[in-house]
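Trainee: Chain residues, written in single-letter form:
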Amino acid sequence: MNLFLYQLKQAYLSLKQKPGFVFSIVATMGITLGALLCILTLAYVMLIKPLPYPEQDKLYVTSNEQINPQGQVMFEQFSYPAFMTLYDKQDVFSQAALVAHTKGVLLSQDDLPMMEATYVSPEWFELTGMPILIGRAFQSSEAVDTNNPVVVISYDTWINNFSADADILEKTINFNDISYRIVGVVGQRFIEPQVYSYYFGVNYYRKTQLWFPWDFNSTQPEARNTWWPGLNGKVVGKLSVEFTKSQAEQKLTTLINDGWLNAIIGFEGFKGTTIKIALHDFKKVIIGDNRESVCFLLAGIIGLVVIAFTNIANLMTSRAVMQQRAIAIQAAIGAKKSKLFNVFFSEALLLISLSLLVAFFIAFFGFYLIEYYLGTALSRASEMTVNGFTLIISVMILFVFAWTFAKISVKSINNKVLSATINTSGKGTGNQLPPLFRQLLVVCQVTTASVLIFISMNLFKEAWNNINAPSYLDIEQVTALTLAPTQKSELSAKSALLELTLIKQKLAELPQVEIVSHSASPFAFFSLWWPGITEQESNEKHNMVYRIVDEHYFPLLQQSLLTGENFSRDDVRDLKKVMIVNDVLANKIAEQGQVLGKKVSFTDDHIYTIIGVVKGMKTPEESDIAERAYLPRSAVADLSAVEKMSMLIKLKDQQQLTRKQVIDIIKEVSPSFSVDKLQSLEDVRYQRLFNKIVTTITTALVSFLSLMLAGIGIYGILSYSIQIRRFEIGTRLAIGAKRKNIVKLIFKDNAGGVFIGIVASIFILLGLFISFDGHLNQYISLEMLPLFILTLSLILMVSSLACYLPLRKYINNPVIQSLKGSE
Amino acid sequence: MSQAILEMKNISKVFETEELETHALKGISFSVNKGDYVSISGPSGCGKSTLLSIMGLLDVSTGGEYLIEGINVTDLTLDQAAEVRNAKIGFIFQSFNLIDELSVFDNVALPLRYHSDKPSNQVIKERVTACLEKVALSHRISHKPNQLSGGQQQRVAIARALVAEPAVLLVDEPTGNLDSKSGDLVMEVLEKLNESGTTICMVTHDPRYADMAKTKIQLLDGTILQAPKAKLAG
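One line per chain: the protein sequences are A and B, in this order. Using this note's numbering, read the first sequence as starting at 41 and increasing by one per residue. Using this note's numbering, read the second sequence as starting at 83 and increasing by one per residue.
Quick caveat, the hints were computed from the structure, so don't treat them as lab data. There could be a bad hint or two in this list.
Said to hold, decoys possible - Quick list of in silico lysine to any residue cross-link-like pairs, SDA-like style, CA-CA up to 20 Å:
#	chain 1	residue 1	chain 2	residue 2
1	A	Lys788	B	Asp182
2	A	Lys780	B	Gln162
3	A	Lys849	B	Glu247
4	B	Lys298	B	Gln162
5	A	Lys784	B	Arg195
6	A	Lys860	A	Ser759
7	A	Lys860	B	Lys200
8	A	Lys778	B	Arg195
9	B	Lys200	A	Asn781
10	A	Lys788	B	Ile181
11	B	Lys200	A	Thr430
12	A	Lys860	B	His287
13	A	Lys778	B	Glu247
14	A	Lys89	A	Val345
Note that this is a predicted model, so its numbers are computed, not measured.
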């Protein structure tokens, strides 16, 4: 032990003399190891760490897959009867819970805050092991059909909305016009499972503030009896030990499909459709599509660590060669090989320990950044912290890296120590690393950097294109307003329309407002009419989505009318059956989009005439423009809540509209509504593109770091290689070589390593492409050849600079400078 | 009348650092004639190697004028100097400066590879072989330098210096890294070369070898102390 401490002390004293060397290693290794620890911890949390729920591996989320006769899944939502049948009659789960999310206004508080709420059956608390800080969870008194109006509130709600009131129990709140008695407060450490986190390709992170008994869920009475899918709810169950997943799916499918087949008797449109109940692993549902992103990040960071590792290996071995004389003396006075190894191991151990210290700081910073910026996209980001896994990995890195560096260092001097250094006759070109080792380092750098840069640039390009794709709308100064009802009992459609029209008028009268449209945001989900509309002449069906708009919608968004006309005020007022389609749908309906005057039907008695064609617009996450139709407001009676209660407000230049101004107007007009959301379309777009923006930044960073680290590494290796060849260069110059001869020579000598590296990277990319065709389609595609050429150009440029720059001082100065010390 | 191959007129060299100005050479003037064998000697730090570097266009003087075969080479560019070195000067270094990765043949052939005339491979082969024969090493043509003894390596270096048929051989402490037997052998080769007409200018601190020269120049503190046989310019 004493010897080990002595060696560490010696290593410390030795390294103290080389602050530049220490800084280079600690900075390079610290940054890359920090990123590695951060992403490894993220990967552990997302992919390996068990969910913090009892028997989490037995938990499943069910989905109701409605399958058309062609075998395609049309919907994954439940109908209410299917949902309740599954809950009541299933026998494959030892315990099953109903869960449905909603939003509403907390009327009992003066500022009328919008709250995230979840309706659950009592089993939810047990399945998730939800800790209760004060009071109790739901129990049999809140079971389905007990209609007991109680509420459990989250820890944050207790702190923020109730000032951590210790006497909170038995107090009442009013949510959406119903009074509930508070019976419990959830413990702070509860991590809510994001069973809704992924929906229609967009991540939604919800943090429930209020839990209500299932009986109070917002499904309308008429919807409770229809088998039409549309319920925003999940059944979560713990699989009984007697059943496998597929057995359970089979059993539940039979249970629900029978009801469905009975329900569609007489409905021609649904003939041949079936229902399949699928079980989804709880963890997969929660992680969503983040697995691939995490894997890519991990691969990228490992690549960077490989490059950094190679750089450090070069520095360490160069230092070992520089120390050769001291080592030789130790060897001469009897130091064994193991002792020499220990000398290097102590130094490496100190350096990697220092690097790990820096790495921990960087990892902590990374945890903070990921939770702050990606918390909504990465469902378990909040669980990231230094844990046993991170510590074990760190200790492994410490010893494996230190051992490897020491081994490489010993290897680099091993054969020369005795022969070359002690017998210093000054012959030849001095001590140096084996050329093969240098070549190997260059190959490693070039291969890793080429693969990383190429894949990163592909991802970057895709994300960048998506971010910069035109939406074909002018969304500048446009704000989307969504209202929420404040009462449980809905107003009649006529009264609601009257009040909403009044709100619209009042908003339009504000001095900062240019125009208001009673339409939903173009970026909100469009309604789907399935199985599509039918063109009357050809009797062909066309899939599409539709939106209810008023006459101001297209002018407000500057969405170009390509042919025909916009809705008139009369069209909207008189409920005329006219339709505007986008150019994509127009081209589907008729060749060259000649659709004006054509009639299409939703059902036999809903026949619409196409009066205009608009330029198709793209939502932020769309890669292709969808087929869309627009109907005048009120033309279809059954509007979705979003479409009923949404407005678009175009503000004048440099004007703003505050939430308070809108709330005041609404209060003045009607007590029936409150503000749900008021958000500029620019912000909506930014939020929806957030994942792409993160991808762009991350991939740009990985590309830049790869190029920079590889550049530094290749420069370091070649610079060292040129430095040890300086007598040779000087000799060649002395006997008449011109500068260009030397440049050619150095380029030629190093081209081999770079070339092998490039070839290796091509093989690796091809290997990845062939092996993971399905999974890596978005990362690697043959269409990316120009990008690969660009990658190679960057690598060649870096390699060329790395060859030329260190050479300048030898070829641009008198030859004697290179020959100094050669004797 | 003898023809001057090298002429140095009032050559000086000053090394400057932020704090110090060192006058390595102070107005050195002399000439070397065709077929001459000049030795430059003196104590350590007297400026021998600096003088030889300037003579070989490996370094530039701070002042004065330098002519090779009557052409002023004082202000040549780096590439022009390289061309002159290749065509007119043959170097022999103390530590041989052979390139380890190249064979004896390739080491000797190197000056011809950089020659502006681009001689054919046949010509190169013939000249390399001839030069190696002159130093009695033609049987080692395929060896690598590290397979040769020190004396043999220095003889390869001599062959390399001769291969481009330079006007003068500049020799820097040719025996510095050799034992006396090998050193004597090398000096013998140099003497024979001079006898056959090769002009040699050699830096040495060994009085025995300095005495073998026809002209002896002794330097002290950057000036010529004694040049009994040298023809002083100007």
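Trainee: Could you grab the alpha-carbon distance between Lys200 (chain B) and Asn781 (chain A) and see if it respects the 20 Å cut-off?
Mentor: Distance of about 13 Å is within 20 Å: holds.
Trainee: Next pair to validate is Lys89 (chain A) with Val345 (chain A); report whether the Cα-Cα distance is within 20 Å.
Mentor: violated, 24 Å
Trainee: Does Gln162 (chain B) sit within 20 Å of Lys298 (chain B), going by the straight-line distance between their CA atoms?
Mentor: Cα-Cα ~30 Å, so violated.
Trainee: Under the criterion that the straight-line Cα-Cα distance not exceed 20 Å, is the pair Lys784 (chain A), Arg195 (chain B) satisfied?
Mentor: Since the Cα atoms of Lys784 (chain A) and Arg195 (chain B) sit roughly 13 Å apart, the hinted pair holds (cutoff 20 Å).
Trainee: Take the C-alpha atoms of Lys778 (chain A) and Arg195 (chain B), compute the straight-line distance between them, and say whether it is at most 20 Å.
Mentor: holds, 11 Å
Trainee: Given the hinted pair Lys788 (chain A) and Ile181 (chain B), is their Cα-Cα distance within 20 Å?
Mentor: Since the Cα atoms of Lys788 (chain A) and Ile181 (chain B) sit roughly 17 Å apart, the hinted pair holds (cutoff 20 Å).
Trainee: Are the Cα atoms of Lys860 (chain A) and Ser759 (chain A) separated by 20 Å or less?
Mentor: Measuring from Cα to Cα gives roughly 18 Å; hence the hint holds.
Trainee: Taking only the CA atoms, is the gap from Lys778 (chain A) to Glu247 (chain B) under or equal to 20 Å?
Mentor: holds, 18 Å
Trainee: Is Lys788 (chain A) within 20 Å of Asp182 (chain B), Cα to Cα?
Mentor: holds, 17 Å
Trainee: Given the hinted pair Lys200 (chain B) and Thr430 (chain A), is their alpha-carbon gap at most 20 Å?
Mentor: At roughly 64 Å apart (the allowed maximum being 20 Å), Thr430 (chain A) and Lys200 (chain B) break the hint.
Trainee: Given the hint that Lys849 (chain A) pairs with Glu247 (chain B), test it: the Cα-Cα distance must not exceed 20 Å.
Mentor: violated, 30 Å
Trainee: Quick one, are Lys860 (chain A) and Lys200 (chain B) close enough, alpha carbons at most 20 Å?
Mentor: Violated. Lys860 (chain A) to Lys200 (chain B) sits at ~30 Å, over the 20 Å cutoff.
Violated hints, listed in ascending order, are 3, 4, 7, 11 and 14; each of the other numbered hints is respected by the structure.
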